[in-house]
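Engineer: What follows is each chain in one-letter form.
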Amino acid sequence: MRITREEVLHIAKLAELQIPDAELERVTDELCRICDYVDQLNEVPIPSQAEPFAPGPDRVGLREDVVRPTRLAHAPSAFAPEFVDGFFLVPKLDGMEEE
Amino acid sequence: MSRVAEIVDAIRAGQSSPGAMAREVAARLALAETRALNAVLAWSSDALDREAARIDGQGRGALTGVPVAIKDNIVTTEQPTTCGSKILEGYVSPFDATAVVRLRGAGAMIAAKTNLDEFAMGSSTEHSAFGRVHHPLDPARVPGGSSGGSAAVVAAHVVPAALGSETGGSVRQPASFCGIVGVKPTYGRVSRYGLVAFGSSLDCISVFGETTDDAARILSVISGHDPLDATTVDRPPTEMPDGPASLDGMTIGLPQEYFPDDLDPGVRAATDRAVSVLRELGAKVKPVSLPHSRYAVPTYYVIAPAEAASNLARYDGARYGQRVVGEGGGLRDLYRATRGAGFGPEVRRRILIGTYVLSAGYYDAYYTKAQQVRVRIAQDFGQVFGQGVDYLFTPTTPTPAFAAGERTEDPVSMYLADIFTAAISLAGLPAMSLPIGRIDGLPIGGQLIAPAFDETGMLAVGMALEQAIDPTAEALS
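Which chain is which? The protein sequence lines are A and B, in order. Counting from 1, position 42 in the first sequence corresponds to residue 42 in the numbering used here; the numbering is continuous, with no gaps. Counting from 1, position 292 in the second sequence corresponds to residue 292 in the numbering used here; the numbering is continuous, with no gaps.
Incorrect hints may appear among the rest.
[What the hints assert, rightly or not] Quick look at which bits of chain B chain A covers, simulated, 3 or more residues with Cβ under 8 Å:
(1) 228–235
(2) 288–302
(3) 308–319
(4) 334–343
[As the list claims (entries may be wrong)] Pair ranges (Cβ atoms, derived):
(5) B/313 <-> A/24: 19 to 29 Å
(6) A/84 <-> B/263: 57 to 67 Å
(7) A/47 <-> B/314: 30 to 40 Å
(8) A/6 <-> B/105: 53 to 63 Å
Read the hints as simulated data drawn from the structure, not as lab findings. No experiment lies behind these values; they were computed from the predicted model shown. Backbone N, C-alpha and C define an ideal beta-carbon position, used for all residues, glycine too.
Chain A with its partners taken away, still in its complex shape (with noise of 0.2 Å):
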């Protein structure tokens, strides 16, 4: 199937991924022929109520709901970009708002 540059930029928007417009055609022409070839799973015939498949233990086993210190080897504020007084900090929502 053909998937348009449109439908890769509409994609990068959900994935949250700013693709460099020299990129563009290349990454398109990728996704295309993966698409293809993993297309081929229409040839398993599969009936309708089939269930899914959960790799693990047959149920999760919960722990006891406690709250417990957590023994952290670094601060936050080693490891975040921006932090100051017990917050993450991040640029104005202005973007986020207009869409």
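Fit chain B to the supplied structure of chain A, relying on the hints for placement.
Structural biologist: Showing chain B alone in chain A's frame:
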């Protein structure tokens, strides 16, 4: 005897010490640097000395003084964890992965953090932001991936064992290329706590060793239930095998789909010889069929990118890692600029594919379909193991290590490097690769596949095959 056992015994007997091991490993790591393997992203003599002092201060354990390298997508508090990505360059985790905590608790020495395909996405370790890893036997070739750095340091005898991670074959495939042992446990056998998430329904911390015994000793320490990972299974750790298994009366299945007509002649010759050895050891060998395995790679390349697109949403420049402020200066500009600049081409490609197959209008056609085919793939294994087959044997890879640059321009051809490993990952089963011969000096791996949670039995069969076969013999001579 295994190298891991030799080190533990020498320290226990007073013939060596953690300090001496630290100095020896530092010398080996320095030598590896001069060989320009580019397999290691972080190590220092000071850190090794601190590890030795810590081990001196604790009681003797199953791995006292054993140096272990750690793939750089498994978090450690003492070294940075980059995942081979610019977006995490310089990041140091505030906690250790459970597997690392258990290794240290058993007396192991964290020797180095190793290079990898960015966020473990790749089959050649050419997709690292910090340069490609070179094959220890031929620098023009790739070591496999994505755990290529860990495989290379074990194959180059820098350390006797290392941790890697598997999502679709990222330990077995490089183990095969580098001529060492790689063991992927059952999904849920080893805690994923502290393994940077890629494909959460597939990811498994896995083990490299110079020998099966080396890998088994590491796996027996890191496996077992962990309350910090709800997908670990409530079972005791994997037991060490008593020794090589007797194969008398055992049935080994050969799935015909893993021996296609166009299989590399050298790989075919090596696997044929290994099958003969299995027969000579008393096993009954019979052909079986896993008909949906041919769909494993396309299924994997829907499910893994879908999970990756979700998992990698956390790299947004807000809480940790690198930050790039976009042109508009707003929050969304920050997200897009940080992620656009921080992720490499293969990671961007997989995030886009994953977002596409999860998007409205395509979800059922791709994601739901792939999940349904995954059921069929898992059922195939269940049926074969339910019909009296104890273990399966296949080649690990369709070719020996390929040349660097040979597949980087064609993502689908790169994905096909996982053609014999992806189905097992999708089914959540344990499997291992062990060296069974060479072609023109390049190692070939054979793959043993076991029913869920039968790692111990699989390792014992691996030991029997390892003992009976010359892994350095040319397959076509």
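Engineer: Now look at each hint and say whether the structure bears it out.
Structural biologist: Each hint tested on the structure:
Taking a C-beta to C-beta cut-off of 8 Å, the region 228–235 of chain B contributes 5 residues in contact with chain A, enough for the three needed, and the coverage statement holds. Coverage of the region 288–302 of chain B by chain A holds [criterion: at least 3 residues with CB-CB distance below 8 Å; count 6]. Note: the region 308–319 of chain B has 6 residues with beta-carbon separation from chain A under 8 Å; the three-residue rule is met and the coverage holds. Three residues within the 8 Å Cβ limit are the bar, and the region 334–343 of chain B against chain A gives 8, so the coverage statement holds.
Hint check: residue 313 of chain B to residue 24 of chain A, Cβ distance near 22 Å, so the stated range 19 to 29 Å holds. Distance hint check: the CB atoms of residue 84 of chain A and residue 263 of chain B are about 60 Å apart, consistent with the given range 57 to 67 Å. Judged by the Cβ atoms, the range 30 to 40 Å given for residue 47 of chain A and residue 314 of chain B holds: they are separated by roughly 36 Å. Evaluation of the 53 to 63 Å hint for residue 6 of chain A and residue 105 of chain B yields a pass: the beta carbon distance comes to about 54 Å.
Violated hints for the displayed structure: none, as all numbered hints are satisfied.
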